[in-house]
Amino acid sequence: DAGVIQSPRHEVTEMGQEVTLRCKPISGHNSLFWYRQTMMRGLELLIYFNNNVPIDDSGMPEDRFSAKMPNASFSTLKIQPSEPRDSAVYFCASSPSIVSEQFFGPGTRLTVL
Amino acid sequence: AQSVTQLDSQVPVFEEAPVELRCNYSSSVSVYLFWYVQYPNQGLQLLLKYLSGSTLVKGINGFEAEFNKSQTSFHLRKPSVHISDTAEYFCAVTLSGYSTLTFGKGTMLLVSP
Chain A
17 DAGVIQSPRH EVTEMGQEVT LRCKPISGHN SLFWYRQTMM RGLELLIYFN NNVPIDDSGM
77 PEDRFSAKMP NASFSTLKIQ PSEPRDSAVY FCASSPSIVS EQFFGPGTRL TVL
Chain B
233 AQSVTQLDSQ VPVFEEAPVE LRCNYSSSVS VYLFWYVQYP NQGLQLLLKY LSGSTLVKGI
293 NGFEAEFNKS QTSFHLRKPS VHISDTAEYF CAVTLSGYST LTFGKGTMLL VSP
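Quick mapping for you: the protein sequence lines, in order, are chains A and B.
Note that the numbering used here numbers the first sequence so that position 4 is 20, with each residue one more than the last.
Note that the numbering used here numbers the second sequence so that position 25 is 257, with each residue one more than the last.
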């Protein structure tokens with residue numbers, strides 16, 4: 017298996033632009049997680065899905081952030097409009113179940129100018 | 233709710249020296265425990281996990297960890313580190329069968345010649 021796939025790996029955009037991050041989980045995994053990592057705040061759980069249904073989005077920082085999982089093999093995290101403080105590395109992870117070990121993707125490094 | 237404490241934000245050691253990275257958790261119920269490693273510019277990778285059984289768990293790259301229920305600890309050890317072990321290490325806990333992973337803030341292991 018190719019593991020969790022994220023795209024793009026790097027994204028540089030200007031403040032106010034819409035940003036869409038993409039994730040393809042490992043086939044057969046039922047749970048998907050979105051994290052954000054910064055030097056200041058460390059690793060933060062933003063939202064997670066189980067069987068394509070959002071279970072807990074309490075970590076989503078603002079209404080500017082939204083996430084979808086239209087099917088078992090694809091998820092997006094969207095930021096609209098983006099701000100410089102959104103600059104971070106965003107990770108997607110998947111697991112066989114909510115309580116199992118998680119498998120992380122390589123991350124998307126987002127820079128908002 | 234469970235929580236994880238990694239007391240050391242940074243641990244500097246010399247190559248071939250032994251190392252212990254500390255992890256304590258708080259939970260009154262049964263837990264599963266994990267250690268992840270993050271190399272520079274990469275995602276998190278599972279080092280080892282404790283689900284049940286033997287309290288001494290062996291992982292990849294010569295690392296091991298010991299689950300101590302009375303001290304609510306899950307410290308990570310390696311008898312002799314290499315330069316290539318320089319990375320950030322995260323401890324994580326989940327309530328057995330009931331919750332998602334909660335990550336500690338991470339410990340940066342810096343191995344020098």
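Treat the hints as calculated values from the structure; they're not laboratory data.
If you're wondering where the values come from, they're calculated on a predicted model, not measured in any experiment.
C-beta: ideal position from N, C-alpha, C; glycine also.
Don't take every hint at face value.
Listed below are the simulated DMTMM-like cross-link pairs for lysine to aspartate or glutamate, each with C-alpha atoms no more than 25 Å apart in a straight line [claimed, not checked]:
#1 B:K337 / A:D72
#2 A:K94 / A:E27
#3 B:K301 / A:E27
#4 B:K310 / B:D240
#5 B:K281 / A:E27
Using C-beta positions, here's what the derived DEER-type ranges look like [claimed, not checked]:
#6 B:S302 / A:E99: 28 to 38 Å
#7 B:P272 / A:M31: 35 to 45 Å
#8 B:T304 / A:A18: 19 to 29 Å
#9 B:D240 / A:N68: 24 to 34 Å
#10 B:Y271 / A:I21: 11 to 21 Å
#11 A:G32 / B:L288: 51 to 61 Å
#12 A:M56 / B:T304: 24 to 34 Å
#13 A:Q33 / B:G285: 45 to 55 Å
#14 A:N87 / B:Q242: 41 to 51 Å
Here is what the structure says about each hint:
1. B:K337 / A:D72: holds (21 Å)
2. A:K94 / A:E27: holds (13 Å)
3. B:K301 / A:E27: Outside the cut-off at roughly 44 Å; violated.
4. B:K310 / B:D240: holds (16 Å)
5. B:K281 / A:E27: violated (33 Å)
6. B:S302 / A:E99: 28 to 38 Å: Given about 47 Å between the Cβ atoms, the range is violated.
7. B:P272 / A:M31: 35 to 45 Å: Since the Cβ atoms of P272 (chain B) and M31 (chain A) sit about 27 Å apart, the hinted range of 35 to 45 Å is violated.
8. B:T304 / A:A18: 19 to 29 Å: violated (37 Å)
9. B:D240 / A:N68: 24 to 34 Å: About 39 Å separates the Cβ atoms of D240 (chain B) and N68 (chain A), which means 24 to 34 Å is violated.
10. B:Y271 / A:I21: 11 to 21 Å: At roughly 18 Å between Cβ atoms, I21 (chain A) and Y271 (chain B) fall inside 11 to 21 Å, so the hint holds.
11. A:G32 / B:L288: 51 to 61 Å: At roughly 53 Å between Cβ atoms, L288 (chain B) and G32 (chain A) fall inside 51 to 61 Å, so the hint holds.
12. A:M56 / B:T304: 24 to 34 Å: holds (28 Å)
13. A:Q33 / B:G285: 45 to 55 Å: Check passed, 51 Å falls within 45 to 55 Å.
14. A:N87 / B:Q242: 41 to 51 Å: holds (42 Å)
Against the hints set out earlier in the document, violations occur for numbers 3, 5, 6, 7, 8 and 9.
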